[in-house]
Amino acid sequence: MFSAANYIKVKSLEEAWQLNQKRSNKIIGGMLWMKMGKGRIQTAIDLSGLELDRIEETDEYFKIGCMATLRMIETHPELNRYTSGAVREAVKNIVGVQFRNLATVGGSIFGRYGFSDVLTVLMAADSSVELYKRGIIPLREFAEMKYDNDILVSVIVRKTPARFSYMSVRNSKTDFPVLTCAAARYENELILSVGARPSRAKAVSVPEELANKMMNEDTAAEIGRYAASQLSFGSNLRASGAYRRHLTEVLVKRACMKLAENGEEEKSCL
Amino acid sequence: MLITVTLNGKKQQSDVEPDMLLIDFVRAHGCLSVKRGCETSNCGLCTVFLDDKPVLSCSVLAARADGKSVTTLEGLQEEASEFAEFVADQGAEQCGFCNPGFVMNVIAMLRENPDPSEEEIKEYLAGNLCRCSGYEGQLRGILNFLDMRRRRDQI
Amino acid sequence: MKTVNKGVRKKDAMQLLTGKPVYTNDLAPAECLIVKLLRSPHANAVIEDINTDIAMKVKGIEAIYTWRDIPEGQMRFTCAGQTYPEPSPYDRLILDKHVRFVGDVVAIVAGENEKCVDKAISLIKVKYKVLTPLLDFTLAKDNEILVHPEDNWESLCPVGADNKRNLCAHDESSSGDIDKTLSECDIVIDRTYHTKAVQQTMMETFRTFCTIDMYGRLNVVSSTQIVFHCRRIIANALGIPKTMVRVSKPRIGGGFGAKQTSISEIYPAFVTWHTKKPSKILFSREESMTASTPRHEMQLHVRLGAMRDGRIRGIDLYTLSNTGAYGEHGPTTVGLSGHKSIPLYGSAESFRFISDVVYTNRMSAGAYRGYGATQGLFAVESAVNELAAELGMDPIALRELNITREGEVMPAYYSQMNTSCALDRCLERVKRMINWDEKYPCRDMGNGKVRSVGMAMAMQGSGISGVDVGSATLRLNETGFYTLNIGAADMGTGCDTILAQIAAEVLECDIEDINVYGADTDVSPYDSGSYASSTTYVTGKATEMCALELRSRICELGASMLGVERDKAEFDGRAVFVSDEPEKRVELFDIATASMCGNNIALAVTKTHSSEISPPPFMVGAAEVEIDKETGEIEVVDYYAAVDCGTTINPNLARVQAEGGILQGIGMALTENITYNENGRVLENSLMQYKIPTRVDIGHIHVEFESSYENEGPFGAKSIGEVVINTPPPAIADAVYNAVGKRFYELPITPEQIANAENKFE
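As given, the protein sequences belong to chains A, B and C, one line each in that order.
This note's numbering numbers the first residue of the first sequence as 49 and each following residue consecutively.
This note's numbering numbers the first residue of the second sequence as 146 and each following residue consecutively.
This note's numbering numbers the first residue of the third sequence as 62 and each following residue consecutively.
No lab work stands behind these hints, which were simulated from the structure alone.
Don't be surprised by glycine CBs; every beta carbon is placed ideally from N, CA and C.
Careful: at least some of the hints might be erroneous.
With a straight-line cut-off of 25 Å between C-alpha atoms, the simulated PhoX-like cross-links for lysine-lysine are [as the list claims (entries may be wrong)]: (1) B:Lys198 / A:Lys221; (2) C:Lys180 / A:Lys86; (3) B:Lys156 / A:Lys111; (4) A:Lys57 / B:Lys267; (5) C:Lys180 / A:Lys74; (6) C:Lys118 / A:Lys86; (7) A:Lys86 / C:Lys81; (8) A:Lys221 / C:Lys803; (9) A:Lys86 / C:Lys803; (10) C:Lys81 / B:Lys198; (11) A:Lys221 / C:Lys690; (12) A:Lys74 / B:Lys213; (13) A:Lys74 / C:Lys176; (14) A:Lys57 / B:Lys213; (15) B:Lys198 / A:Lys111; (16) B:Lys267 / A:Lys221; (17) C:Lys337 / C:Lys176; (18) B:Lys267 / C:Lys186; (19) C:Lys81 / B:Lys155; (20) C:Lys690 / A:Lys86; (21) A:Lys207 / B:Lys198; (22) C:Lys303 / C:Lys81; (23) A:Lys57 / C:Lys510; (24) A:Lys207 / A:Lys86; (25) A:Lys59 / B:Lys267; (26) B:Lys156 / C:Lys118; (27) C:Lys118 / C:Lys337; (28) C:Lys176 / C:Lys303; (29) B:Lys156 / A:Lys59; (30) C:Lys118 / A:Lys221; (31) C:Lys176 / C:Lys120; (32) C:Lys118 / C:Lys186; (33) A:Lys86 / C:Lys510.
Now the stretches of chain A that chain B is said to cover, found in silico as 3 or more residues with beta-carbon under 8 Å [what the hints assert, rightly or not]: (34) 134-146; (35) 196-208.
Stretch-level coverage of chain C by chain B, calculated; a stretch enters the list once three of its residues show a Cβ under 8 Å from a Cβ in chain B [unchecked claim]: (36) 77-90; (37) 257-264; (38) 309-315; (39) 341-348; (40) 582-593.
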């Protein structure tokens, strides 16, 4: 557990931003990862008084406040309807309900953790982050950016027509993932997002000729091999790079098949 | 710093360190049912309700509870006892150290979902570690309790 | 029977379930000094200089102790909770100049609160002379690096220990000519197995508080399974008379053997003895995971010989055990790897069992449920499963041909008679429960997943024969209720209740009429403690004997009140009456009252019991697993077990013991891993990295009982606590083989390894 000399529940984002410019001050999100650290913090900056723990829905997008918890996105009916349940699938294995009632979307995304299921699934969606100073930036771009002292205010998920699927492999059910994989089929694009490699999630856009092939086991497997060829893999305590490469092929294949199944279901509903 | 917390229904003002954790706050206020089992937010032993939502009190600053209500097992004795009888009838309490967090989370689950399926029960309790029981006796206790409630509600 | 064999509630169940403050830290005085430890970052080093001056200046610091505070010539001691003279070597000091693993204690710091103690710890300056660590236990014996080069190292028992060879113990035993037998066999399975130092992971970490009592004595309250051994260990460690130490335990948040070693007691004991102020220590989870006493890592070389017809003729086992930096339970755990595995096969005409226990610069090992048997059974049962496959025989049929049976002598079990054994019925039962013939070996589920099965047998002991001592004191109180005082430790297992059930059965009273108190060295009758699966069998027998004697005394006083001879009166639990004239009776209430006025017959009895034999409980377990062949993900869908623990004194508690033990075994088989970095630091140092099974990691566990009747046990009972952890590793390993055709000789078996067996990506 870190130590903190001061705690300020800020009244405005500007106040938070001002405080956050000092290196020894830190914004506390859900605090779950931060708590693992043993460092000294001068001032802990708390955003929980700014009503950012909301999920706002319009015709065009979902706006997920940075203090919204993982449990909120897990149980949000519309967000899950739009993502074919992929959001729920992505977060339901994260430790437990009590944990997900604390962990925040802002903390998960700002941290850009390698193991993040949340980053993986939202990256496959048409998502952006809203930063207090820099404004709106596509999530896929944000994921590559260096850490800075800006403040992540919300994550915006545009309701671009798409179908989603999500898969992960874990050594035990509520452990960190060994590999995460999200797939999104847009009208003209097939996007894959693969995380826990063990580095952070990265999106892969499948070339048109491959993406538009008739979907079957062979095509799905081919897409899997393609995705694996586009990504790098490493080893850590939980698995080797070789296993992660293999899993990428398997999960991408399955995620694509799942997309096709979801599509069939939709058609049959019509 | 001064915070005002409604702890088990009683509103009180306290002076806390900025980095005091909620678990230490509630234990300092006599709620000794709340246990610490890890430092990594994995075990669920420290489960309390923060504004009626189950959370890990080891992972929340006491400062964040300012203006909120906090409920521990000390504040839910009647509700807990009614359910606990069914776990006791299985002998599944065993060492008891995980029991308060487990009972709290079962109560939270039943408030959210009064008639959960077995799968829903398992999923909701994924974050409550128990090393003694193998979870099977806990499940029997929960299912028997639900069964009793269903039969009682029919009458 | 009225109370025995009934699933009565644990006497403390509702208190525990409703969160009452009954554990060590709930009871510690608020003014306790906080005690924490500075630990070594090196696996092998000598402290050249240690400067605590700046640290002592931190506001609120009471004391800092280093190796300089240990008197020269202080005797070494062991923290193992064992009967004196302990087989474990005397190889520890509270603080030593030589630190022997990453986490070994360098300084003890006591202060007003956690913050100041943490700060002081960060300000202690230590200069280490870093030595090359000995990390590989297969190279430890006769290695030039000595873990314990010191001259005052001492082994009290003839266990074959030699610190100048890194040997904590060496033993050999045999029967028949194993080499000749194996040379005559049609087939010899020759394999080497490896199990790791998995953690007990009880939910309550190690913790102790100490005060000075009204007589100036050291009062130790600790989460321990062994109050009496603790008293000796603390007195030895502090170099003070045992009369000055009192140890008691409140409720314990799980033990599983971890608390059969004195892990945390000596530090606050040292602080309180020197400062005369109350103090407490609470181990963090990280400390519990990195500086405790997990299961001994073992390498087991099995040679199993059999004929084509399935007759097993000989078993040769060599076990190399890693005791780590200190020798707690080293000499004894290794014995069980052979003595609790080989005897399952009664048909074998010869066996040999050789063992070495070596020191390394890793975390010390200790007692964990199963105590070596778990490791041995993984090896031997895996080898037997492999034999079945080689012979093309059903593994259950192979067992039926070879198992030990009631009434047979077990040469590899100290030539003890198999006095009670339902192993044959357990095999039949499990076969039926899991629907073996339909499911063995594997079924394709048609979705890339397969379901396969695997099985294994297990045995354990019931107490340590000729060593373990159990005692009970029973007293009749006014109005006719009883007090049962024990030195055994209920660590959640329910022994307070089980022993009360035994007493209630004999005294023909309700269990509510018996209050139980334990364990406290000042008050309780002597008991070795709760370990080695001894409490129900050994202390239970003492309780039965004690209750019988108290019954007789009640009768004696009642008879004298009725004015008849003792042998003319009987007791029915409520009253003493004249045998021929049952209407002439005196109520228990009145006897209790009379016992407190002008009475010379003590209605208080203490009985002590030790058993010359250690009758094994037996068990058969079978796993049904579902494996995703592409990803390697594995889930135990169902686990079935039939247990012969003799009479189940409390079927509910026996069942939960079995279910809990089985899931621990499943964890060891599949997810609980221990790895070290090149400096000897444990990487799985938290519940985030060390994965014990959660609620969603297991399908269902099904336990049934096939009871034999053990004449030496109370009401026919044997033990249950340990045997239940042993079957999952070999059963699951065989289920994996039946699914993907690859044998695993090391635990845990991970999804990556399973996937690789099937997909060959590495």
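| field | Restraint status (C-alpha distance of Lys57 (chain A) to Lys213 (chain B) at most 25 Å) | value | holds (14 Å)
| said: For Lys118 (chain C) and Lys337 (chain C), compute the direct alpha-carbon distance and say whether it is at most 25 Å. | reply: holds (21 Å)
| query | Has the given pair, Lys86 (chain A) with Lys510 (chain C), been kept, meaning a C-alpha gap of at most 25 Å? | reply | violated (44 Å)
| Do three or more residues of the segment 582-593 of chain C come closer than 8 Å to chain B, measuring C-beta to C-beta? | Violated - the segment 582-593 of chain C has 0 residues with a Cβ nearer than 8 Å to chain B, which falls short of three.
| Straight-line Cα separation of Lys267 (chain B) and Lys186 (chain C) no greater than 25 Å? | violated (49 Å)
| request: Below or equal to 25 Å on CA atoms is what counts here, so check Lys156 (chain B) against Lys111 (chain A). | output: violated (35 Å)
| Lys207 (chain A) paired with Lys86 (chain A) [C-alpha distance capped at 25 Å] | violated (41 Å)
| field | Proposed proximity, Lys86 (chain A) with Lys180 (chain C) (alpha carbon, max 25 Å) | value | holds (12 Å)
| Given the proposed pairing of Lys118 (chain C) with Lys186 (chain C), does the C-alpha separation stay at or below 25 Å? | Status holds; Cα separation ~13 Å.
| message | Lys207 (chain A) and Lys198 (chain B) were given as a pair; does the straight-line alpha-carbon distance stay at or below 25 Å? | response | Distance ~30 Å between Lys207 (chain A) and Lys198 (chain B) Cα, so the pair is violated.
| said: Under 8 Å between beta-carbons, do enough residues of the segment 341-348 of chain C, three at least, approach chain B for the coverage claim to hold? | reply: Result for this restraint: holds, n = 3.
| said: Need the status of pair Lys303 (chain C), Lys81 (chain C): alpha-carbon distance at most 25 Å? | reply: Roughly 33 Å separates the two Cα atoms, so the pair is violated.
The structure is inconsistent with the numbered hints 3, 4, 7, 9, 18, 20, 21, 22, 23, 24, 25, 26, 28, 30, 33, 35, 40, although it conforms to all the rest.
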